[in-house]
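Peer 1: Here's the letter readout for the chains.
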Amino acid sequence: MTRLPEFHAAKWDEPVVMEMGRPGGRGQIFPAPEADVIDAVGTDLIPAAMARKDRPELPEITEFEAQRHYLHLSQMTLGMMGVSLFGTCTMKYNSKTSEYATLRPELAEVHPYQHPDTLQGVLSIIHDFDGILRSLSGMDQFIFQAGGGADAAYTMAIVARAYWADRGMLGQRTEMVTSVQAHPCNPATAAAAGFKVVNLPLEENGYPSLEALKAAVSDKTALIMINNPDDMGIYNPEIKEWVRIAKEAGALCFYDHANFNGVMGKLSARELGFDACMFMLHKTFGAPKAGGGPAVGAFGCSDELAPYLPCPVVTKDGSRYVLDEDRPKSAGKVREYWGNVPQVVKAYAWARGMGAEGIELASDISVVANNYMDMRLSKIPGLEISNPEIKTHRMEMTRWSLGPLFEETGISTVDFANRMADYGIDPWWMSHEPWIVAEPFTPEAGELWSKEDIDLWIDVVAKIVEEARTDPEMVKSAPHNQPVSQLKGDVFEDPAKWAMTWRAYKRKKAQGDGVNRGVA
Amino acid sequence: MPTDTRSHPWMALSAPGAIDAMLAEIGASSVADVFEQIPDDHFRKAPLDLPPALTSEMELRRDLITRLKRNEDCEANLSFLGAGVWQHHVPAIVDEIVGRTEFATNVWGSYQSDHGRNQAWFEFSSQLGALLNLDVVQLPVYSWGCAIGHAMRMAARMTGRSKVLVPHLSDPERLSVIRTYCQPSEMEGSLEVVPVAADPTSGRLDLSDLKSKLGDDVAAVYFENPAYLGTIETGAAEIAKLARAAGAETIVGVDPASLGVMAAPGDYGADIVTGPVQPLGVHMQCGGGAGGFIASRDEERYVRTYNGFLVSIAETQTEGEVGFGLACPHQNSYGMREDGNDWTGNSTYLWAIAGAVYMSLLGPEGFRELGQLIVSRARYATKLLNDVPGVRVVWPDTQFKEFVVNFDDTGQSVAAVNDALRAHGIFGGKDISDEGLNLGQSALYCVTEMHSAADIRRLANTLKEILQ
Numbered sequence: 001m002t003r004l005p006e007f008h009a010a011k012w013d014e015p016v017v018m019e020m021g022r023p024g025g026r027g028q029i030f031p032a033p034e035a036d037v038i039d040a041v042g043t044d045l046i047p048a049a050m051a052r053k054d055r056p057e058l059p060e061i062t063e064f065e066a067q068r069h070y071l072h073l074s075q076m077t078l079g080m081m082g083v084s085l086f087g088t089c090t091m092k093y094n095s096k097t098s099e100y101a102t103l104r105p106e107l108a109e110v111h112p113y114q115h116p117d118t119l120q121g122v123l124s125i126i127h128d129f130d131g132i133l134r135s136l137s138g139m140d141q142f143i144f145q146a147g148g149g150a151d152a153a154y155t156m157a158i159v160a161r162a163y164w165a166d167r168g169m170l171g172q173r174t175e176m177v178t179s180v181q182a183h184p185c186n187p188a189t190a191a192a193a194g195f196k197v198v199n200l201p202l203e204e205n206g207y208p209s210l211e212a213l214k215a216a217v218s219d220k221t222a223l224i225m226i227n228n229p230d231d232m233g234i235y236n237p238e239i240k241e242w243v244r245i246a247k248e249a250g251a252l253c254f255y256d257h258a259n260f261n262g263v264m265g266k267l268s269a270r271e272l273g274f275d276a277c278m279f280m281l282h283k284t285f286g287a288p289k290a291g292g293g294p295a296v297g298a299f300g301c302s303d304e305l306a307p308y309l310p311c312p313v314v315t316k317d318g319s320r321y322v323l324d325e326d327r328p329k330s331a332g333k334v335r336e337y338w339g340n341v342p343q344v345v346k347a348y349a350w351a352r353g354m355g356a357e358g359i360e361l362a363s364d365i366s367v368v369a370n371n372y373m374d375m376r377l378s379k380i381p382g383l384e385i386s387n388p389e390i391k392t393h394r395m396e397m398t399r400w401s402l403g404p405l406f407e408e409t410g411i412s413t414v415d416f417a418n419r420m421a422d423y424g425i426d427p428w429w430m431s432h433e434p435w436i437v438a439e440p441f442t443p444e445a446g447e448l449w450s451k452e453d454i455d456l457w458i459d460v461v462a463k464i465v466e467e468a469r470t471d472p473e474m475v476k477s478a479p480h481n482q483p484v485s486q487l488k489g490d491v492f493e494d495p496a497k498w499a500m501t502w503r504a505y506k507r508k509k510a511q512g513d514g515v516n517r518g519v520a
Numbered sequence: 001m002p003t004d005t006r007s008h009p010w011m012a013l014s015a016p017g018a019i020d021a022m023l024a025e026i027g028a029s030s031v032a033d034v035f036e037q038i039p040d041d042h043f044r045k046a047p048l049d050l051p052p053a054l055t056s057e058m059e060l061r062r063d064l065i066t067r068l069k070r071n072e073d074c075e076a077n078l079s080f081l082g083a084g085v086w087q088h089h090v091p092a093i094v095d096e097i098v099g100r101t102e103f104a105t106n107v108w109g110s111y112q113s114d115h116g117r118n119q120a121w122f123e124f125s126s127q128l129g130a131l132l133n134l135d136v137v138q139l140p141v142y143s144w145g146c147a148i149g150h151a152m153r154m155a156a157r158m159t160g161r162s163k164v165l166v167p168h169l170s171d172p173e174r175l176s177v178i179r180t181y182c183q184p185s186e187m188e189g190s191l192e193v194v195p196v197a198a199d200p201t202s203g204r205l206d207l208s209d210l211k212s213k214l215g216d217d218v219a220a221v222y223f224e225n226p227a228y229l230g231t232i233e234t235g236a237a238e239i240a241k242l243a244r245a246a247g248a249e250t251i252v253g254v255d256p257a258s259l260g261v262m263a264a265p266g267d268y269g270a271d272i273v274t275g276p277v278q279p280l281g282v283h284m285q286c287g288g289g290a291g292g293f294i295a296s297r298d299e300e301r302y303v304r305t306y307n308g309f310l311v312s313i314a315e316t317q318t319e320g321e322v323g324f325g326l327a328c329p330h331q332n333s334y335g336m337r338e339d340g341n342d343w344t345g346n347s348t349y350l351w352a353i354a355g356a357v358y359m360s361l362l363g364p365e366g367f368r369e370l371g372q373l374i375v376s377r378a379r380y381a382t383k384l385l386n387d388v389p390g391v392r393v394v395w396p397d398t399q400f401k402e403f404v405v406n407f408d409d410t411g412q413s414v415a416a417v418n419d420a421l422r423a424h425g426i427f428g429g430k431d432i433s434d435e436g437l438n439l440g441q442s443a444l445y446c447v448t449e450m451h452s453a454a455d456i457r458r459l460a461n462t463l464k465e466i467l468q
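Protein sequence lines correspond, in order, to chains A and B.
Start counting the first sequence at 1; every next residue gets the next number (the numbering used here).
Start counting the second sequence at 1; every next residue gets the next number (the numbering used here).
No lab work stands behind these hints, which were simulated from the structure alone.
Nothing here was measured: the structure is a model prediction, and the numbers come from that model.
Careful: at least some of the hints might be erroneous.
List of simulated lysine-lysine pairs, DSSO-like, C-alpha gap at most 27 Å [as the list claims (entries may be wrong)]:
no.	chain 1	residue 1	chain 2	residue 2
1	A	Lys53	A	Lys508
2	A	Lys509	A	Lys11
3	A	Lys220	A	Lys196
4	A	Lys316	B	Lys69
5	A	Lys196	A	Lys247
6	A	Lys240	B	Lys45
7	A	Lys196	A	Lys329
8	A	Lys451	A	Lys379
9	A	Lys96	B	Lys45
10	B	Lys241	A	Lys53
11	A	Lys240	A	Lys214
12	A	Lys463	A	Lys379
13	A	Lys247	B	Lys45
14	A	Lys266	B	Lys45
15	A	Lys379	A	Lys11
16	A	Lys247	A	Lys266
17	A	Lys463	A	Lys488
18	A	Lys508	A	Lys497
This is chain B alone, in the form it adopts within the complex (with noise of 0.2 Å):
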């Protein structure tokens, strides 16, 4: 017997008498009895040893957020992370309509009751689709990786070939994900990944290197604009047509944050685009606001290997009035199982609302002066960096948002930096020291729009101060 007899607040069943009513009704004499398909000795032995309930919503408020102050975070704090969670502002109206009941709710939804959802939902991938100059924009998948995982899936199987290329310079994060997907060599089906070199004086793409290594078994070629390490791709054009005279598919990860001051990929020869949806309005949430869209052109070949949610726009029944449904439902994997296009299930979806809102409240003009902003204030900020005494900036005056900051010649490694750093209030940037870049002691810098000068000549003066 339950030693607190109230009725619970998330059950109304649990309320006296409630369940007696509802068995007397079905003819049962106990509870015991509608669980008679499962065999005695199936049920478990070991008691449940939960912690104590805390059943009023006082109690629960108070632990939850007792535990989450120990937690250290980038408001109270001046980061410089990033590396594919970025701290990017969230307009206010964002988060109100996220966080709408009937959007966060427990359905999954139908096209019948939820139209107000599934407009919202088209108008993500159709404002993503203006930013990118493309035409189709899938509901975005779990994160950035993942998108580009199925994104090269879709290549191997639009071309039947089983080989592609990555930088060199890769995210070892996405790449694990990528790796993931391209599958061990032993299994049917698997995709080799080969590294295509870096040019070492700019961190871009070495194209001699990718020329040698583009063949006829070769699916796509991927790359980033910007880049892992925060360059800008100047090659991208000439990648594409490389790629496209071997056969093979051109897929582009881009940062949407990027796309009011950088060119359009659809328009450098991008077949299939990949990105983070987590920039279009997404709190970081401890890298719980990741996602990742997937896009291309409207042609039927690509249509027809996508892996999700098609939202298309249809007319109905009554004359001059439109809804949303999905497109191309039965090949994925609720339409065809293992035979459907990878695989399919709950996604990142809320995003795509979050992002639909984030793209309208900017528009043509947000975008330009957000991209302007950011990208003056991370090249000022290497400009200050540089002048710290050891500290160097590689690949100066070349990037977007991040950059390598190296600290070599201070003699101090990028972990002792940044725990003075913390010290002082600051998160330093990923240390990517480790990551088999051949970099040396390298962190990997952010700086975005929420990056005022005076943060920045903060961090600088903070750095001389440390390392003297």
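Excised from the complex, chain A in its bound form (with noise of 0.2 Å):
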């Protein structure tokens, strides 16, 4: 076992910012409106009714007392600069050329509404990204307009929902088919979009079954959405069958490509029969996910569906690239504008980066590193690999239970990823839901770390095994290294103490106070 670091979180007993400052402290100053200005047109500007009378309960602080506060709050937070094997997610080295071309006014300083004469720098970006991922997918047209993984989904329920209307069917084909461990964001979309959600269940080889499927679709079937390998690294092999019987039944097969890393250059969404795919850019083409956004879901389809894509849609005319606005048989948009365009870039750039070789060679270790982390962590007793009666290969990422440690000593998966912390290591990922193995967990290694840092990784939870058996009230009441200790849970589920506001929180304690004087 590697010596594991002495590691303690920055701690600066920082206050909440509404706490800070003194009467008349300024951050931020502007100018007055210029003598012209004033003359021009008085200062008695709002109307009466809507203006504002009471002064906004805001910190008044300095310029350096913000910049102390927020850098503090930054050293606070771990942000996967230890290591962090966060399934799911798929953890890359975000590039700061990418982060850095992005901060420039060429691109900061841009409006969607400009010229396309003024724009055609980021549109060739655009265009020749969209054309990366047609490669990598065998798909004829990407946008970028969703903000999201989430929102691909979403763009897909929409799209599907104005092909069946085009054709006249929209009342009838009223069904999406799904299986129970797709990412929630497939049925929780399709539901919102006014689909039906009929949920797959897993059968004892990891994936639903083909007798399920011919049994769940039929002329009410507006599509599928399905992701494979799924969280667990199970691949479904009978996935072309899946899609040939989906489409004998008429529905259209959509391709979560969230888990794309271990298949980049290997697999063809088109190849395999799909009419549609996406690609998340904040995590497999190396844009930061920066703890939940800005993000894109790349969604990229047939020519059959192209018509129905949001607006705008970018094309190349000539030389010249055009914003295709004029698309009467759009779905409509999921979102303003044209997309999350920086993260565009970066993605690009990642993609530029890495090269055809570069990516397959990414896909190569990924599903390598992954497969000697099972290994390593399949030694460890206490924890136990889903489906254990499959003996293949995982792909990039695996489902794990920490059921047998729990059952032994009471440690949760949620009280160990709290002692995870304690070592500079992010918290791992458990399940999304449902958890289908007991105190789950997802480690996914991913392209970017050394050996020593999955040694690491693995190390740390050897050790909080050993601590769960050694010193299991420890391990509960962790994290003990990190800036404030475990939160009390109360609150989150309670609207008399819930607060989502400083407001509230002054409000309610208030509230709290008097009530306990009464008491007294």
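Assembly of the complex is requested from the two constituent chains, each provided in isolation within its own frame, with the hints serving as guidance.
Peer 2: Here it is, written out as structure tokens:
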């Protein structure tokens, strides 16, 4: 076992910004309107009914105090600056080269309604990146409007609506078929788009059976939405047959390529028969996820579905790039404008920085490294791989269970995650709902980390397994080396106690104090 | 075999021999072994056809910058574009903080390891709540239009009704998103989107038309303040009163940059408030700075119908210490899949941090000065433009930062005027002539704190010159 670092997170005991400052403190000053302006228009410009009378209760701090406060907050954020094998999110290096490029005024200070003649640079990047994704997927057209993977799933749902409406069959094709193991965004977005969701259960081999699929699809099925491999690391070898059966029933087939990292350059969604797919640029393509966006779900589809895409679509007319808004069959927009453009630029930069060989190598590494991780985890008593009867190598991530250790020690996957942070290791991803194995966790090795990093991560897991047996109370009360202790969870479901703003907190605290005084 | 056997700077295990060593440890004879789950006939046949790799940082940087330099931007040019994406001042500290790798990271994060990030999120909601005078602010969704869409669906869930009223003078970009969220009528749970007429003399909502459309089937009335075309909705409290009397929710869209001088929507009867996050310290980024907030009073029936992430302050196991975690986490799609409230996922949370820093820098006086500066210069612009022969400002003296400029009497189209302005380094307002608003050849101009009086005179003088 490698020596574990003696980690302790920065602990600044930082106040909430609302508590800081002093009357009249200033962090930003704006000039007064010019004399010409005041002469021309006066100063009483907001109609009385709409003029603000109160003074918003914001902090009054200096520029330096704001800088120092938020730097302290960043220092109290691990942000994967240790080792993170956070499954389903595919940890990568986010290139600062591309980050800095997007901060230049040539992109940061650009407006989406500028004349296209003034946008040829960014349009060329979007156009060429569309070409890269077409090659990787076999699809005919990509758009980038969706603000994340879930939004791309929603895009699929509304494209399916438009496709069936165009055929006069929207009232008949009302169902979306998926697996219980699909990411929650697939059933949730289909339901939000008005489809009835049909969930297929998993069979012993880890994926739903062809028989279940055959029984579920019919002339009511509008589409199927499926990922492959799934979050267990299991690849459904019957996926081509799935697509054939669904299409025989007339359904559209959407490939949720969230788990693309292990199959980049190896599979083509179109060659497998899918009509559409999505890639997460903030995950697989090296743009930062930033703790929850701005993100991009790149949505690609066949020529048959392309007329229904949200606008605009970036195309090329001779040597000129254009924004095509004139698409009468378009399903409508899922979000304003063209998408999170800087993230598209970063994804383009990632693809160029990797090249075809680099991309193929990254998928090799991510699957080999994951199997190395599995091999080492399998030697730690108390952990159990999902579907243990499956002996083949898993793909780029693997679902594990802490069930045996929990039975033995009472340490849950949540307790375990709390303790991981004490070693400067990002807590593991457990599982999306539903939890199919007891006390799940889902590591993913990826292509970023070194063997030493992966070894350290596993050594920390082994150490906490040991602690679970020798000092379970210490594990249960973790974290101990983080800026704050474990949260009391009672407030989060209690309307009398939850407080989503400082003003709500102050109000409830005053009420609570009042009650206490009353009791006393 | 790769032609370049050097290891890749972004992949530690690309070092020569590293994969082979790992394969040996796991007892696999080749890389192909670990892909054994994939049937042979699933592997792609078409070879990848990608542009050549730019593995050196130097070459990659050069490609990116060469391409981006083919853009024209609003710093080198004088831009009057707005309509949902606005050029505002971004303090340097905001760029520093959102660029911190702990925040601009690849990871989703956790409450155990990312306390500072969670606090910054809470501070976004807290400060925005202080501007709105509302107690609940959700972390932002993808965009303002998406926020409105979710808010309407919240109202529908709360009231069990299926009609929403929106201003006829709505932004077609946001309206397209709203219509997507409200669904076509064939779908179960669809909402009917019904436009409410504008008073042609002021651009404000026509209250008699509103009254005629309000009924016990209306889930929500939506309006913006300032509105799409820049007008200040002085009848806001009356609209909210009418909606409440009909049992409908009042959903308001506000520009947070206005809230230092304009009344807080929590004070005039708004039930659910939405708005753009981009004015709060986020660069335009060709629309990539979009984000939308949703806020409400702290009543359980509202809180239980939010779709996304609500960050609550909470005590920790250490006496006197507080931390931050997710309230009501089971009601969203992560917790309940298709039975959750709409759906959520990655959103625009980095912009919550930008907004937190921005609002802390401005404080109450900064917001007041900002609002006063914007409205003063915007009014100045309407005066100067009204004096340009043939040019007419529609509804002068009623707006915050945007206003409609009509060119009918010049005999020129907005497109032609904008082409001519562009030749002078000026981006004219958004062409709204084809938006079905019955405003002739008109453009929506935007003036913010970024436009000096001299900039505005330059616009007016250039227009005079090109319209001669």
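Peer 1: Against this structure, judge whether each hint is valid.
Peer 2: Here is what the structure says about each hint:
no. : hint                : verdict
1   : A/Lys53 / A/Lys508  : holds (25 Å)
2   : A/Lys509 / A/Lys11  : holds (25 Å)
3   : A/Lys220 / A/Lys196 : holds (10 Å)
4   : A/Lys316 / B/Lys69  : holds (19 Å)
5   : A/Lys196 / A/Lys247 : holds (18 Å)
6   : A/Lys240 / B/Lys45  : holds (15 Å)
7   : A/Lys196 / A/Lys329 : holds (24 Å)
8   : A/Lys451 / A/Lys379 : holds (17 Å)
9   : A/Lys96 / B/Lys45   : violated (35 Å)
10  : B/Lys241 / A/Lys53  : holds (20 Å)
11  : A/Lys240 / A/Lys214 : holds (14 Å)
12  : A/Lys463 / A/Lys379 : holds (13 Å)
13  : A/Lys247 / B/Lys45  : holds (22 Å)
14  : A/Lys266 / B/Lys45  : holds (9 Å)
15  : A/Lys379 / A/Lys11  : violated (36 Å)
16  : A/Lys247 / A/Lys266 : holds (23 Å)
17  : A/Lys463 / A/Lys488 : holds (26 Å)
18  : A/Lys508 / A/Lys497 : holds (7 Å)
The structure fails to meet hints 9, 15 from the earlier list, while all remaining hints are met.
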